[in-house]
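Please construct the entire structure, taking both the sequences and the accompanying hints into account.
Read top to bottom, the protein sequences are chains G and Y. One point on numbering: in numbering that gives the first Met the number 0, the residue at position 68 of the first sequence is 67, and numbering is uninterrupted. One point on numbering: in numbering that gives the first Met the number 0, the residue at position 242 of the second sequence is 241, and numbering is uninterrupted.
Simulated from the structure, these hints should not be mistaken for lab results. For clarity, every value in this text was computed on a predicted model and none was experimentally measured. In this text, a Cβ means the ideal position worked out from N, Cα and C, and glycines have one as well. Honestly, I wouldn't trust all of these hints.
Quick list of simulated restraints, FRET-style, between CB atoms [what the hints assert, rightly or not]: (1) Phe324(Y) <-> Leu6(G): 26 to 36 angstroms; (2) Val431(Y) <-> Ala61(G): 43 to 53 angstroms; (3) Phe338(Y) <-> Gly33(G): 29 to 39 angstroms.
Here are the simulated lysine-lysine pairs, DSS-like style, with alpha carbons at most 25 angstroms apart [claimed, not checked]: (4) Lys415(Y) <-> Lys140(G); (5) Lys213(Y) <-> Lys368(Y); (6) Lys36(G) <-> Lys415(Y); (7) Lys148(G) <-> Lys415(Y); (8) Lys36(G) <-> Lys159(G); (9) Lys304(Y) <-> Lys116(G); (10) Lys47(G) <-> Lys140(G); (11) Lys159(G) <-> Lys304(Y); (12) Lys159(G) <-> Lys148(G); (13) Lys333(Y) <-> Lys47(G); (14) Lys36(G) <-> Lys148(G); (15) Lys47(G) <-> Lys36(G); (16) Lys110(Y) <-> Lys213(Y); (17) Lys364(Y) <-> Lys116(G); (18) Lys116(G) <-> Lys47(G); (19) Lys249(Y) <-> Lys405(Y); (20) Lys368(Y) <-> Lys405(Y); (21) Lys415(Y) <-> Lys405(Y); (22) Lys116(G) <-> Lys159(G); (23) Lys615(Y) <-> Lys405(Y); (24) Lys333(Y) <-> Lys110(Y).
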Amino acid sequence: MGGIVGLVPLATGVAVFLDPLRTRKKKGGGGDDGFIKVATLEELPTGKPPQRFAVIDDRVDAWNMFPQEPVGAVYLSRSADDDVQALCVICPHAGCSVDFDPSRNVFQCPCHNSSFKLSGEIHNEDSPAARGMDTLEVEIKNDNEVWVKYQQFRPGTAEKIAEA
Amino acid sequence: MNALANWFDDRTGYRAYLHETLYERIPGGARWRYVWGSTLVFTFVVQMITGLFLWMSYSPSSQTAWESVYYIQYEMQFGWLLRGLHHFTAQAMIVLLALHFMQIVIDGAYKAPREVNFWLGLILMQIVLGLSLTGYLLPWDQKGYWATQVATKLSTMVPVFGPQIQRLVVGGPNYGHHTLTRFFALHAGVLPTLLIGLLGLHLYVFRRHGITAKDPNRAPETTFWPDQVLRDAVACLGVLTVVLLLIFWKAPQYSGELSQLAADGRLGDVFGAELGAPADPTEPYAAARPEWYFLFLFQFLKFFKGEYEVYGAIYIPGGVMLFMFLMPFIGRWKLGHRFNLAYMGVLILGAAALTWMAVEEDRTKDEYKAAVADAHMKSERIRELIQGRQGVGYDGAVALLRSDPKTHGPHLFAVKCASCHRYNGHNGMDVVVEDPATASDLGNFGTREWVRGFITDPAGEDYFGATAEGSYNGEPLGERFTEGEMAFWAEENIGNMTKREIDAVVEFLIAQSGREFAPPIDEELVAEGRDFFENGTDNAQGCIDCHAVTPLGEEEQLGDTGLAPRLTGYASEAWLRDFIGHPGAEHNYGERNAMPEFGDQLSEQQLDLLARFLTKNWYEPPTETTEVVVEE
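This is the structure we're talking about:
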């Protein structure tokens, strides 16, 4: 009997506490397929170093919804006419934000010193990252719009595991 | 009095309890080496008291956490002292924890029958570290926000339930309100409650077995009161002194100004714990580091490549900690105690060496120093902005900072404009770009000197001259602008104008923006300039043949749009927003345009920011001199 008396409030509390584990249907803008318009081809001259673009989407924070705010960033570079590469700025090692160092032409993480080639592969074998920077799917829509499927991946694993 | 005490003792038995507490036996006499446990209890009490009062002014949400801490630090009387006490006592607690642990191991106080108490101590140590980790995030400044993100991201590596643990700690997929509410509940509720409970047990078990005297024959046996209590009190006073020194260590630098700062109620600007710029999820902080006592773990992680990261992040630190739980058993063997001493020595030296490496590496890293300087600038700037508008808006401090052209304009210019334009020769952020400019230098755009320079020499290298190297949609611009209509006009007419006429046109053009200038606009010149613009002179052609304008304060447009940019409101924010957004519009460059249409690329807020950056329209705090002028 005593156990039940304690259990009811405790179990209720734990149920609410576990709420973040529930996967919510994603609210917010972008296409239904998860692609978000990030840039136009005019902003991406071919053969230039990667440029960082903010990913703008509706940002939901518990009870707040902030329409069209930066929710993350990607590095875009264009090797040929419609060949655009998108890399997630988040370091696959521990989740810091990777910088681009134009003087050495490499991506450099300011936290634990991982460095990556322009293609996103690991540049230096001293890099502690377990995999290269995460490439993101890109689609060119309406002739000149660069749409990116913005995703984040779990840090510290060799394979890319998308975070829900 | 005595009767009352007797009555109370009869009902509570407090005398026996007090006696037991105060007259605990200390074989071998009171010693300084026994003070560390007491100092830890003292620091915990300080944290409880200061934390409770901080709680009364703190508001955990992503729009109010930083703001409420700002208010405590800079606005509330002695708020800086309260925060300083809480912050530096937390640091002291870590040091004392290490000292207490060392004393216990060195004296062999972990051995039978005190194993359980040793374990309780280890758990208490974890709780204190947990309090530090959760507390670091609560001010919601850039440093705490980004450093704690790394810590919680690493928790995804915990075997089996890692990702779930991370989600529960963060309160959702991303950092936000629920991260703060959860961290705060841990910091001020769950962990202190556990700590109080376990500390009670720790003290109870400690009293059960008594103190571990290393050398019982050193001195005659004594009792806790008064000999040891005196030493403990002196040690606690010492700890408090060190904490106060840390709070006030900047005082000598400000000795002359302190009375003024105190009179203005601004001691929080100088003293107490640092408060960085408000956390901005869109602006990663390249100098994100954990608190100094976790730096060794941060550095340790650099040594584990690839898939071995989880060893550096979880397995080895966890293993090292779990191994400590075995110390009492190892200590039973003949050489066990020596082994434990060596184990502890290696751990402490190793942690010290790793910490030193981390600090040394950052000390020489330019990116790190630049990021720290940038964060420092922003934390000063946000204070100016808040003081300027006498409070934060409902959308929080980070929105205030984001809409500040002085802070964010340079970066926006560097990213969006500096691939063609320059800002006083650099990219807006004081970095000289290697590639030559292919468009005008906008550092002084809209000022007398800029406009004079442009109309007298449109093809000059800081104006259209740069476009000769440019291209648009893959086609080189060549002489489109350097030998265009404007350049042609200047060549034909400038030589035939008097200095007064040129000054008048310049004055008329800059007056259109409605901006303020020093010296102020000369209305007489403006009228002459307007006349020249419309009619020219016998020797020089006016502007109206190509440019249209509705002069400021008039209703009717002079000239027709379509041949060259319309100059209504020229160089004002509205004109700039329209021009940057749609340079190819008919009333701007039309078909001759060679500038990307930023209306598609920039948000309204960014356009506004850029226009205000180019017109230098941002808040500046009143300086001493202007105040003096006002007083006169």
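Does the alpha-carbon distance linking lysine 415(Y) and lysine 405(Y) stay inside the 25 angstroms limit?
Satisfied, since the Cα-Cα distance of roughly 16 angstroms is no more than 25 angstroms.
Verify the proposed pairing of lysine 148(G) with lysine 415(Y), using a straight-line Cα cut of 25 angstroms.
23 angstroms, holds
Check whether the Cα positions of lysine 364(Y) and lysine 116(G) lie no farther apart than 25 angstroms.
21 angstroms, holds
If you draw a straight line from the CA of lysine 304(Y) to the CA of lysine 116(G), is it 25 angstroms or shorter?
17 angstroms, holds
For the pair supplied as a hint, lysine 159(G) and lysine 304(Y), is the alpha-carbon distance within the 25 angstroms limit?
Within the cut-off at roughly 16 angstroms; holds.
Between the alpha carbons of lysine 159(G) and lysine 148(G), is the straight-line distance 25 angstroms or under?
15 angstroms, holds
Within a Cα-Cα threshold of 25 angstroms, do lysine 333(Y) and lysine 47(G) meet the stated pairing?
With a Cα-Cα distance of about 68 angstroms, the restraint between lysine 333(Y) and lysine 47(G) is violated, given a limit of 25 angstroms.
Proposed proximity, lysine 47(G) with lysine 116(G) (alpha carbon, max 25 angstroms)
14 angstroms, holds
Does the structure keep lysine 36(G) and lysine 415(Y) at a Cα separation of 25 angstroms or less?
17 angstroms, holds
Is the straight-line distance between the alpha-carbon of lysine 213(Y) and that of lysine 368(Y) 25 angstroms or less?
48 angstroms, violated
Given the hint that lysine 36(G) pairs with lysine 159(G), does the C-alpha gap stay at or below 25 angstroms?
Holds, because 23 angstroms separates the two Cα atoms, which is no more than 25 angstroms.
Against the 25 angstroms threshold, does the CA-CA distance of lysine 47(G) and lysine 140(G) hold or violate the hint?
21 angstroms, holds
The structure fails hints 3, 5, 13 and 19 (numbered hints given earlier, in ascending order).
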